[in-house]
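Undergrad: Residue numbers (the working numbering), protein chains in the order written: chain A, 168 to 654; chain B, 2 to 501; chain C, 42 to 133; chain D, 17 to 116; chain E, 2 to 246.
Be a bit skeptical, because a hint or two may be false.
[Said to hold, decoys possible] So the derived label-pair ranges between C-beta atoms look like this:
1. B/42 - A/192: 45 to 51 angstroms
2. E/196 - A/213: 31 to 37 angstroms
3. A/316 - E/31: 46 to 52 angstroms
4. B/447 - A/584: 56 to 62 angstroms
5. B/13 - A/213: 28 to 34 angstroms
Hints in this document: simulated from the structure, not taken from any laboratory. Beta carbons: idealized from backbone N, C-alpha and C, even for Gly.
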Amino acid sequence: MTDSLVLALVVPLAGALLVTALPAHAARIGLFSVMLNTLNIALLTLGVWQHDELQLALGDWAPPLGIGFVADGLSAAMLAMTALVSLAISVYAGDYFRDPARARHFWPLWLLLLTSLNGLFLAADLFNLYVNLELLGLSAAALGALGGQRTALEANLRYLLVGLLGSMTYLLGVALIYSGFSTLDFAQLAAQLARGDAAASGLLGATALGLMVMGLALKAALFPLHFWLPPAHGSAPAPVSAALSALVVKAAFYLILRLWLEVFAPLTTQGAANLLGLLGAGAVLWGSWQALRAERLKLLAAYSTVAQLGYLFLFFPILQGLPAGETRSNLFAAVTLMALAHGFAKSGLFLAAGFVQQQAGHDRIAELGTTLQQLPATTLTLALAGTALIGLPPSGSFVAKWLLLGGAMANGQWWWVLVLLAGTLLAVAYVFRLMTRAFGLEPTPRHFFTQARAEGPALLLAAMATGVLGVATAPLWHLLGTSGGLG
Amino acid sequence: MMETLDSLLPVAILLSSLLPGLAIFMVAEDSHWLRGLLNMTGALVKLVLVGMLVWGVYHDHSYDAELVLAPGLSLVLQADALSVLFVTLSSVLWLVTTVYAIGYLEHSPNRSRFFGFFSLCVTATIGIALAGNLFTFVVFYEILTLATYPLVSHRGTPDATAGARAYLAYTMTGGAVLMIGAVWLQTLIGPVDFTQGGLLAEQPEALHGQFIIIFVLLLAGLGVKAALVPLHGWLPRSMVAPAPVSALLHAVAVVKAGAFGIVRLVYDIYGVEFAHALGLLTLLGVLASVTILYGSIMALSQDGLKKRLAYSTVSQVSYIALGASIFGPVATIGGMVHLVHQGIMKITLFLCAGNYAETLGVHKVSEMDGIGRRMPWTTLAFSVGALGMIGIPPIAGFISKWYLGLGAIKADMPWVLLVLGASTLLNAAYFLPILFRAWFREPPPHWPHEDIPRRRLETHATLLWPPLITAALCLLAGLFAAAPFSPLEWTTLIARREYP
Amino acid sequence: MDAELLYASAGFILFVLGIWSLLLHRLLIRKLIALNIMGSGVFHLLIATAEHHGEPADPVPHALVLTGIVVAVSATALALSFGRALRGDGDD
Amino acid sequence: MTATLALLIFDVLMLLTLLGLAVATLSSRDPRRAAILFIAFGLWLSLVWARLGAPDVALAEAAIGAGLGGALILSAARRARASSQAKARAPTPPERTPPV
Amino acid sequence: MRNSLEPKPQRSAALLVVVLLILLAGLLQWVYFTHAATAPGAGLTALAQAELPRSGVTNPVTAVLLNYRALDTLLELSVLLTAMLGIWSLGPATPGYQQAGAVFAGLAAWVVPLLILSGGYLLWIGAKAPGGAFQAGALLAAAGVIQRLGGDPRASLPNESAQRWLAIAGIGIFALVGLATLVAGRGFLDYPLAWAGWLILLIETFATLTIATLLTAAYVGGQPPPSQTTATPGMHRMQAPDRKA
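Bound-form chain A, shown alone (with noise of 0.2 angstroms):
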């Protein structure tokens, strides 16, 4: 079972060397590598259903001296999520870079980059995550700048550098924290944070905690350090921008979350989480601000990656405020739940904005009333994807939602509940923005599909979030090991 963890990122790097060596077989070798992917993850969250964490010792050398890799619940749900969604954009990038010129540099780079997700969500080891997320960020603004375009460039180059700032200052945070606690390892840092012998080693290690969150709320785009993300997502191919808003950002701050709440659990403070809460509020005002005035379709989209991002971080006050219990294993679940359900809303959002890019030839907001109503599967998609992003039932961020204001009242946090209000009906504007110009005097469309292949891949991911994940939770709060009063 535990085989599955390596395969998660062997079968993926394979798939990337044998497309790098064979290019003209670039689409053909790419789609069953993912393939393969999603079916060895789906055997890894088996192991993890059953057996509630699977552990590995990489090379069977044991922690300090070796690699850890660990998947539990949360890891097992990025994982899946990860899966899933790359398996449609694969399917969708399969037809949209039919020009084998271009498909010989996405498919490579992008296995490499899914190899660099499944590394981060099982790493448990603070220096092979900084190599996943070098690896990450390399293969993102890589990706990110295929079209070509000036603008693209500079915007991945902006994305490149601020990745490289982040990584190295988390990589001073990991040096700090080899320095004084001589381990990588998330178990064996975390046993000697909570055992607390030293109030020196207790700073040393809350300022290494405090570069490695900085580090990462810059990969993470959390405001005001998102500045990079629009310009970079909002230029990037569809599939890439569909991939770097669902996954690449969630990575970064899914290794924050572990971070908080795992491994330097004992050394965070009420006040240091108010302000990752702050400036969440900031980020869900802001992004959604920013969402509502943008002129291009890709640009709110990636705006509102911003705002959403900032919805996640509303958690840690939140979080930090509750003791352990019912209450706050739910929100746990929340807001893993949230990631999930952006994660598949805004792929889809993006893998459909990019169809009707390739539409229209242009994705200018004011005037896409013709082709949103000449593609009604793709409307559907974007209003399945907003109604997530505004966090409506039936989606899975209407659940986190509930969650989470219940989480905030019954903590007494009061002032995150008109965040949330402001925040919800901000993105109802943006979104209906949109779904309004699907509303107009055009000719009936004849189908309900345009083009199978481009369309089919980024509904069934909008409808996951907006359907499946409204309804079925059940399942992630088993594997979070959270069921309470679950069978």
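With chain A held as given, fit chains B, C, D and E onto it using these hints.
TA: Then chains B, C, D and E, alone, in the frame of chain A:
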């Protein structure tokens, strides 16, 4: 085995419109037959299932389906007497409206989209009716908003877009407020299951202050859809929608969902005694009375037929809230029975208005001179609906008003009688002139836009039969109010359980 | 005063100098040099902590730094390529 | 005692040179000069690391960090200069950074 | 040069940055010194030494790189591959910009074989003394760089297809060894002790070639132009440096 089937029934009722709805989205625009088949199959299957449900609930069967989302958070569908009342109303009227809409929208664009959302809208309404706890209620309440938006903006004209935008602004804000109230309540007392007699009375007194605020929040959220003044602004503006949508909005789905929610709020969350003790019923009663009078006065001056009907809805729906606000079983019966009576009467009126518009291009009251001679059957149905609204016996509306008035006297609230009386006069003042014009004035030489020529029938059969059927229902509900399974008998059953 | 602490201190200074230059200079090449010096600062810190007064040094940080150096060069090369593509006018 | 002191002075001098090279590298406006100084910095850094008992890393830094990294930056700097000379009529390149 | 990414910073902003950074540096120093004075970390020296006999090599750094933390190295090679793929995706290589003089050519003819030889030596010695795949690969790449400086626009790299295979060889062998141990029932990259030294040398040999190829390709900076197909494969090919570009 029986138990599984019992829990499956509410789910099946929900799916009988959800699945056809989803399928209809995918149907190619030209496949009229397939779409019609899906629609009618769904509506008929639902009716049969609801029949089974009514029979079962009458015989004290309990139907329960639960889907756990998280510890302390689950979607619950369950059928009690009150939900059966609303479910039956919606599924009967859905069938009628579907038949009508198929005829009404013949040759019009985007029908797959329309009927898809139409079915989703009904699904959401059924979900609201069957919701067993506040969370489930909120879920379906919000889905209803989403599913109705495309219907309101269906025409695609700038007017329609603006109307839909207003609708959205009101309902989304209302939904958010409702959600905050609901989460707050759940934080205080745990899962809020709808319970006969309410579940707040035993809570410690320290919470009562918060309960009052929560009541106001929930009422504000529900009041938007129920079009309580001053939250009614969206309703007249969304009159731009096609007639079947207006009918659905006013008689079955949106407005009724709000009113139904208020009933649930008062009876099954707070409990009528507890709400009375907190003084919340007075608040509700005043709001309802103001709305009743305001709606009627506004209706007087509208020349647009649908606008006049819209303001009439604002006024009439508040009878339900008024019934809920008067302490005592008789008024409760009056309010709840009006849920059904207003539904069938108002849908009749809207279907007739749609017929006038579709057949002759008549949209305004001032164009209706002598229309009874050109379209006697439609006008007959319209007259039944209008007289019922005024409260003329033996039409259904009379029963509601009678019980409301009686209840007010028993509860020692004579001012309610004044409101009822004034409202009745106003009702008469804005409906009778229409009837007079329609029956007794000379018709003009040309109708504004005669689209459907007169053949054997005055208009298409699919347009004519639905209002006739609902008009007949109005009469039957009034005439046979004492028969078993009549709306009145059913609400009496509910009231008996509510006031032990 | 301990030499090991001095060396570590130099690492921090290099890191901060790097950020300063990265934030305030706009030329791509200078930004990249700044990033590399930032990285060197971190690597230097790791090497300094690996040294233990005459005992054999800790090999783990050494290996980490080796990995880091290669990663830094890869990133530099990619970023320079971006710069060349941006200038995009056939360099000679 | 004196030996330790001498060693300490040696260490301090090494570090001061290193930091001096870093400052010189970071503050030189001409990219080409900066690149050459960067190579010098890297080579000096590898000396420091050799002093710290890390010959493996010193070798790698000299070959990869200073050597190849430096060569990459240097060639980019030269190319940039060549292209900016080719476009002599172009306005002054935005290289000026505010003195800090 | 238009590689400026941000608007010109304000003087006051620049001052703020400097102040903040000085504070940051102070904080870091203070935290580190407080900690090092009270509870310095012991490091993993002892553990790494103790396990060295089980690692198959005697140079502890190589043991960490290719055995204890081999996954880091595998991923690091992937980072290098990513960089090259990214560079290739950004456009074709530019021709060499310089024509070498005779002196340089003579020098190159003398230096390049030396670099290759020392690269081979470093690779071999890496098991027991400072050295290893990275240093060796870097020296080979340096040979390529000198070739390019000498006027060979492709820096002695073979044609594109061969380059692609060379670029993945090291990573591929690494992963294959890992899979082989996995299939043998030992877990990924868990070498049998008897084989460990040889497996590591095998991986390192291919890794050297890959590192050299990737670094050289990164220096050349762009996808090899498809028209130019030189048949002779292999890195170690001398080329006449007097070609006019």
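Undergrad: Now look at each hint and say whether the structure bears it out.
TA: Structure-based check of each hint:
{"no.": "1", "hint": "B/42 - A/192: 45 to 51 angstroms", "in the structure": "holds, 48 angstroms"}
{"no.": "2", "hint": "E/196 - A/213: 31 to 37 angstroms", "in the structure": "holds, 33 angstroms"}
{"no.": "3", "hint": "A/316 - E/31: 46 to 52 angstroms", "in the structure": "holds, 47 angstroms"}
{"no.": "4", "hint": "B/447 - A/584: 56 to 62 angstroms", "in the structure": "holds, 60 angstroms"}
{"no.": "5", "hint": "B/13 - A/213: 28 to 34 angstroms", "in the structure": "holds, 31 angstroms"}
The structure meets every hint from the earlier list without exception.
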